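Enquirer: Sequence:
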Amino acid sequence: MTTIKLARIYTQVGDQGGYRILVDRLWPRGISKANAHLDWWCKEVAPSPDLRKWFNHTAEKYPGFVARYQAELAANPAYQELKARVQAQLSVQDVILLFGAKDERHNQAVVLKACLVRDLGLPTSTTAG
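Throughout the sequence shown, residue numbering follows the working numbering, covering 135 to 263 in sequence.
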């Protein structure tokens, strides 16, 4: 069964087979486009610059960030495109949402994955990472 996974862009690709989507608005420092092994850079679904600056990867602000980011996604046409592409890819392979943040529990990819699981009606027990 295919799954949606999360991974830092800085993690070695290794056995991470699947459709790789970078979900950061800014290109990660120190990563060349050749070494990123991306299938798609979907920067349009990343948090707005204002929200990103407000959050500033501060764990205490994470609940507010989640609510604000979910509201942005609901109004973002690029999220609809992402959902369609993720759903299509899940029929043949895993999907890996890539992010640059050091905090692997409090970032936009975590929120994005939760929204995709909910909106695509995926069972939460089959979504790794």
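Derived by calculation from the structure, the hints in this document are not laboratory data.
Just so you know, not all the hints are guaranteed correct.
Stated by the list, open to error - EDC-like mimics (lysine to aspartate or glutamate), calculated; alpha carbons at most 20 Å apart, straight line: (1) Lys217 with Asp184; (2) Lys187 with Glu238; (3) Lys195 with Asp228.
Claimed, not checked - Label pairs and their computed distance ranges (CB to CB): (4) Gly255 with Val226: 28 to 34 Å; (5) Ala222 with Gly164: 28 to 34 Å; (6) Ser225 with Asn190: 35 to 41 Å; (7) Arg219 with Glu194: 21 to 27 Å; (8) Lys177 with Arg239: 18 to 24 Å.
This structure is a prediction, so every number in the text was calculated from the model and none was measured.
The beta-carbon is built from N, C-alpha and C at its ideal position, and this holds for glycine as well.
Enquirer: All the hints need checking, so say for each whether the structure fits it.
Expert: These are the hints, each one checked on the structure:
no.: 1; hint: Lys217 with Asp184; in the structure: violated, 24 Å
no.: 2; hint: Lys187 with Glu238; in the structure: holds, 18 Å
no.: 3; hint: Lys195 with Asp228; in the structure: violated, 31 Å
no.: 4; hint: Gly255 with Val226: 28 to 34 Å; in the structure: violated, 18 Å
no.: 5; hint: Ala222 with Gly164: 28 to 34 Å; in the structure: holds, 31 Å
no.: 6; hint: Ser225 with Asn190: 35 to 41 Å; in the structure: holds, 37 Å
no.: 7; hint: Arg219 with Glu194: 21 to 27 Å; in the structure: violated, 33 Å
no.: 8; hint: Lys177 with Arg239: 18 to 24 Å; in the structure: holds, 22 Å
Of the hints listed earlier, those the structure fails to meet are numbers 1, 3, 4 and 7, in rising order.
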